[in-house]
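Two chains, two frames, a set of hints: combine them into the complex.
Protein chains in written order, with my numbering: chain A, 1 to 328; chain B, 329 to 652.
Hints listed in this document are in silico derivations from the structure and should not be mistaken for laboratory results. A virtual CB, placed ideally from N, CA and C, is assigned to each residue, including glycine. Among the hints, erroneous ones may be present.
[As the list claims (entries may be wrong)] Across the chosen pairs, the derived CB separations fall in these ranges:
1. A:49 with B:467: 36 to 44 angstroms
2. A:238 with B:580: 27 to 35 angstroms
3. B:633 with A:184: 52 to 60 angstroms
4. B:576 with A:322: 29 to 37 angstroms
5. B:582 with A:161: 26 to 34 angstroms
6. A:250 with B:633: 57 to 65 angstroms
[Stated by the list, open to error] Calculated from the model, a selection of chain A residues having no Cβ within reach of chain B, i.e. all distances over 12 angstroms:
7. 196
8. 238
9. 241
10. 318
[To be verified] Straight line, CA to CA, 25 angstroms or less: simulated SDA-like cross-link-like pairs of lysine to any residue:
11. B:578 with A:185
12. B:578 with A:81
13. A:3 with A:23
14. B:623 with B:644
15. A:304 with B:581
16. A:304 with B:642
17. B:438 with B:388
18. B:578 with A:41
19. B:578 with A:12
20. A:304 with B:644
21. A:216 with A:271
22. A:3 with B:644
23. B:578 with A:212
24. B:578 with A:216
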Amino acid sequence: MAKKRMVQAINEAITEEMERDGSIIVLGEDVHISPVGDTRGLIERFGAARVRNTPISESVMSGMAVGAAATGSRVICHLFYGNFIYTGFDAIANQAAKLRYMLGGQVKLPILYMAMIGGGRSVAAQHSDSMHPMLMNLGGIKIVMPASPGDAKGLVKAALRDDNPVFLLQAAGRGGELGEVPDGDYTIPLGKAEEKRVGDDVTVVAIGSMVKPALKACDELAARGISVSLIDPRTVVPMDYDAILASVARTGRLVVVDEARKSCSAASEIAATVAERGFHLLKAPIGRVAVEDVAMPYSPVLEKAVIPDAARIVDAVLKIAVSRGVAQ
Amino acid sequence: MSPREITSEKLLQMYGRMFRIRQVEERLATVQAAGELPGPVHLYIGEEAIAVGVCAHLSDQDWICSTHRGHGHFLAKSDEIQKMVAEVYGRATGVCGGKGGSMHVADVSKGILGANGIVGGGIALAAGAALSAQTRGTRNVAVVFFGDGAANQGVLFEALNIAALWRLPLILVCENNGYSEFSPTASVTSGEIWNRATPFGVPGRPVDGNDVREVWAAAGEAIERARSGGGATLLEMRTYRLRGHVEAEKSFLSRSYRSDAEVEQRREREPLRLAMAALQGAGVTADAIAKVEEKERAAVRAAFEYAAESPWPAPGAAFEHMFA
Ligand SMILES: Cc1ncc(C[n+]2csc(CCOP(=O)(O)OP(=O)(O)O)c2C)c(N)n1
Ligand SMILES: [Mg+2]
Numbered sequence: 001m002a003k004k005r006m007v008q009a010i011n012e013a014i015t016e017e018m019e020r021d022g023s024i025i026v027l028g029e030d031v032h033i034s035p036v037g038d039t040r041g042l043i044e045r046f047g048a049a050r051v052r053n054t055p056i057s058e059s060v061m062s063g064m065a066v067g068a069a070a071t072g073s074r075v076i077c078h079l080f081y082g083n084f085i086y087t088g089f090d091a092i093a094n095q096a097a098k099l100r101y102m103l104g105g106q107v108k109l110p111i112l113y114m115a116m117i118g119g120g121r122s123v124a125a126q127h128s129d130s131m132h133p134m135l136m137n138l139g140g141i142k143i144v145m146p147a148s149p150g151d152a153k154g155l156v157k158a159a160l161r162d163d164n165p166v167f168l169l170q171a172a173g174r175g176g177e178l179g180e181v182p183d184g185d186y187t188i189p190l191g192k193a194e195e196k197r198v199g200d201d202v203t204v205v206a207i208g209s210m211v212k213p214a215l216k217a218c219d220e221l222a223a224r225g226i227s228v229s230l231i232d233p234r235t236v237v238p239m240d241y242d243a244i245l246a247s248v249a250r251t252g253r254l255v256v257v258d259e260a261r262k263s264c265s266a267a268s269e270i271a272a273t274v275a276e277r278g279f280h281l282l283k284a285p286i287g288r289v290a291v292e293d294v295a296m297p298y299s300p301v302l303e304k305a306v307i308p309d310a311a312r313i314v315d316a317v318l319k320i321a322v323s324r325g326v327a328q
Numbered sequence: 329m330s331p332r333e334i335t336s337e338k339l340l341q342m343y344g345r346m347f348r349i350r351q352v353e354e355r356l357a358t359v360q361a362a363g364e365l366p367g368p369v370h371l372y373i374g375e376e377a378i379a380v381g382v383c384a385h386l387s388d389q390d391w392i393c394s395t396h397r398g399h400g401h402f403l404a405k406s407d408e409i410q411k412m413v414a415e416v417y418g419r420a421t422g423v424c425g426g427k428g429g430s431m432h433v434a435d436v437s438k439g440i441l442g443a444n445g446i447v448g449g450g451i452a453l454a455a456g457a458a459l460s461a462q463t464r465g466t467r468n469v470a471v472v473f474f475g476d477g478a479a480n481q482g483v484l485f486e487a488l489n490i491a492a493l494w495r496l497p498l499i500l501v502c503e504n505n506g507y508s509e510f511s512p513t514a515s516v517t518s519g520e521i522w523n524r525a526t527p528f529g530v531p532g533r534p535v536d537g538n539d540v541r542e543v544w545a546a547a548g549e550a551i552e553r554a555r556s557g558g559g560a561t562l563l564e565m566r567t568y569r570l571r572g573h574v575e576a577e578k579s580f581l582s583r584s585y586r587s588d589a590e591v592e593q594r595r596e597r598e599p600l601r602l603a604m605a606a607l608q609g610a611g612v613t614a615d616a617i618a619k620v621e622e623k624e625r626a627a628v629r630a631a632f633e634y635a636a637e638s639p640w641p642a643p644g645a646a647f648e649h650m651f652a
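The following block holds chain B by itself, in its conformation from the complex (with noise of 0.2 angstroms):
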């Protein structure tokens, strides 16, 4: 597959969903600073093509797992904004109850076992995935985004083996953001993250994930061997995190990791503005775009007004869930 095939229409509505997720994320960063959000969250900000142009390829059938820094997988496969905002606002209304949270957004029934807490948790999960679709004599495929500094977790390697040994239906994406928390990725990963996968026979490349026709592309190619039993593929999104860690960071730590400066340059080549610009080539309208915007941006808006009133879980509930 190649990016060149994306048609107008395909590329808007990426961009659509990108710059939702953008919004989502934008606006939690503003009530987490208020507040309002009982728990911590890891923003996506900057990453967004990543998610979207691999979603782009899957059915509600197709299964993802996903990281701590989740929303935007979420968004990506599902339309629950409201459920989602809802979810890490902790009120009954959320898509998990209020019982997961930020770190565990997960909507089942369109083929998302949810984001993770445990860095690199997601990979044996969506490996399973995989063995149950290939089992069961389907043609879905599961996906799992995790970190580069998941990709240190030996986890990654045993998945690696049991997946090209049978086959599996699995597409490992590797988000590579330059920082696994606060160390630089180079600092504790050896080696390139995608040629993790050679010695195993499974194939593996790095991908511009800033740029969301080049993660489509490569996305396209890897789903669709896994869909014809070709197995399993390891592709490295090389992407930047452009807020912390974690949204307020800045009150624990005592020492900065990385300079205003650093961010400020790789901004530059940031996912929507990078979107943007290939829509313009593409010679789609301002018009068009603004529309698009327009609409997400009252979603959006919609989505935080029912989160933030939306009631709080009965108490008992805590004591359900825990067995089928």
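The following block holds chain A by itself, in its conformation from the complex (with noise of 0.2 angstroms):
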């Protein structure tokens, strides 16, 4: 174990996954220099041949990355800033969760697909989208949302090992956030929750960014007396639907916390869910943690106002909590 940042276990485990995979190429804006540093050093180590830093031009990329690994190679495709997906988008809705299907299972699509997500450092809305709610949509796509380094490596190197389109969506601005990687070579099975705090009194699920500001909220409410049960789902296709059932059948309680706009957010997909399925294992309603339906805006305050923090956490599991004598 070493204490490693964010971007570090990113690189580590692409440099790792490059050299054990004589077949993965990258392709993206900038990787050459790596203004993310996610993909720092990889043109020194493995060539311009394998490493491409690509014009601006996301809609080749996208589906370049789809041709090139329907016929051989396994592509990580860098797109930077999450908003950037949507310039690439065709592809990746039009072709990437869709070609193995349509073509009766024909082709394999092993496509790593990076970008950088969520709010927080007024960049406003061009550049602060959660999108991972519209890729979950799509169906044929896996979505990795690590919210520690030592996560981040063993999914990303799952990721490169499989043979289907997967999303890394990084929290912005949070590379150099710090955790505990441990030595060797591991991988995270895509679809395994981690429960990061256990309780009793009420699940918290949290996505990706929202991880950190949930782990504060659990503190301040365990200084209320109240125990959480807070689950990381870690990717959100697959999402481990067992884990949360399993900690919702012991709290009877569940708050979903997420960095996308509410509607149809992974917050609502999670809670439908757990209504359907747990429906009877329920002792209150269900809580969203969530973006109102607005833009990012660039103010701070603005921000603030929009982006879920420890604070509205703690009301939205106080608000189930209280009402249901849980607390007093």
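This is how it looks when you write it as structure tokens:
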């Protein structure tokens, strides 16, 4: 175990997998210089044939990833900010998500699309979306949203051994966060949640960037005598509903926290599934803490009003815990 | 149109506007470094002649669409220095109420559809503005400013095709500043950008984008053609970005992508210097120039004081403006 930064963990995972598997190639804007840091050193190590600095042409990049993957390469397509998924969206939605299905299973599409999502840095609406729900709705796409460097490394390695299109969505601006990273080669299976805090009163499911404020909320709630079972799904496709339902079976209460806009968010999907499969387990209405249906504003004052924080998570938990007599 | 047709009054006026933009940008660099700005800024220093030379031909009813490097375009077409700076400061008094910030400064009342955070994002918007100007039977035009990097977005080719088919009053102004973020243009861009118009039957030409007289003349001709129903033009303005892609980039880049010597060498032909020489050549006195500079300096100083003292937006404002 050693403490490493998020970008470093992702960088290590990519480097080790490229070392292991010569079929992996990298496409992306400025990946040779890597302003984000996650592809740093790759071009020096693996050469310009495997690490391609691309023009600003997301529509051809995302589509070339599909074509190359279908014909024998394993592709990392770095899209930088999540909002540039939109400029590359046609091939993602119309090709990557369904080509294998349409062709009756004849092709495999081993692609890792990477992007940074979410707000909090005053970069305004066109650089701050959390678009995982839109990708979840496509069907044929897996989505990895790690909240710690250790998870990131294991999940990226697993994604790079998966034969399907996978999105790695990192919380933007959080690449410098430190965490323990196990030594040696390891993978974390896609679709396996982690219970970050064990508790009996309320289940909180937090997605990606929201795990950090949720951990803070757990501490504040613990001080008030409320014990939280905090679930980090780590991948939203596949979603580990068994882990979520097992926790709700103990607590009977659920709050879901997501930085996406609330309508049709991952939080909505989790709430719907728990209501469908675990209605009998619930002792209180399900709470959702998410971004209201607005674009991300620029001014820090406005961003703060929009992005869920620990205080809002605490409020949401208290609302369903207090009203049912768990807390006083 | 020929650069020789510019009167010395016009030249001085354009110099004043370029000087204003430079003042705003230099101050933004200072306050950014001092941590006074909430978000990142992409400065236009070294490229001022393009926005000013083009916008000199436009009225408030003509539209422009701009880029992430959009302060200069805004200031070339709108006099609202205070509101623009306040927007970059994220204040309630900003031209977008603090919602958009540096990458979205816009003054629709002055025909500015806004800076844009999406590379190439303005191209289709401007084509739409040109379509609207045409179908409403006006003589107005739409201009899109975009970078050499943006010239690699497929939307440019789609827009050229449709603009040619429909003879849209659209002027495509590519600002080739030598870099697409941290990549030298030649490493990511094939051929000549101006020549990308040729297969569509759209006139295209390279222009010295650092010489405001050349920009003014080339833009004047293209805009006149568009107004009179002659359709679109692609102008590739050759220029150079004197600051980083984004301020403070050295703090996160692991290595440099261009040498300081290159920047210094390119500074010799920077647009304010060239315009100053032209003014002197036209016999404009040092006194007259100094007077204009002093006026601009004072206006910019006042704008920054206004912005820094302006109130933050009320948090509730975050939930307004999603729908009309
Ligand atoms: C669709 C899209 N892709 C990528 C980016 C990230 N990005 C912002 S500016 C930039 C470089 C733009 O280069 P250019 O068009 O030459 O404009 P310049 O910055 O040189 O003015 C990139 C890649 C973006 N904002 N939008
Ligand atoms: Mg450029």
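**Request:** Go through the numbered hints given earlier and state which of them the structure violates, listing their numbers in rising order.
**Result:** Those not satisfied are hints 1, 4, 11, 13, 14, 15, 22, 23 and 24.
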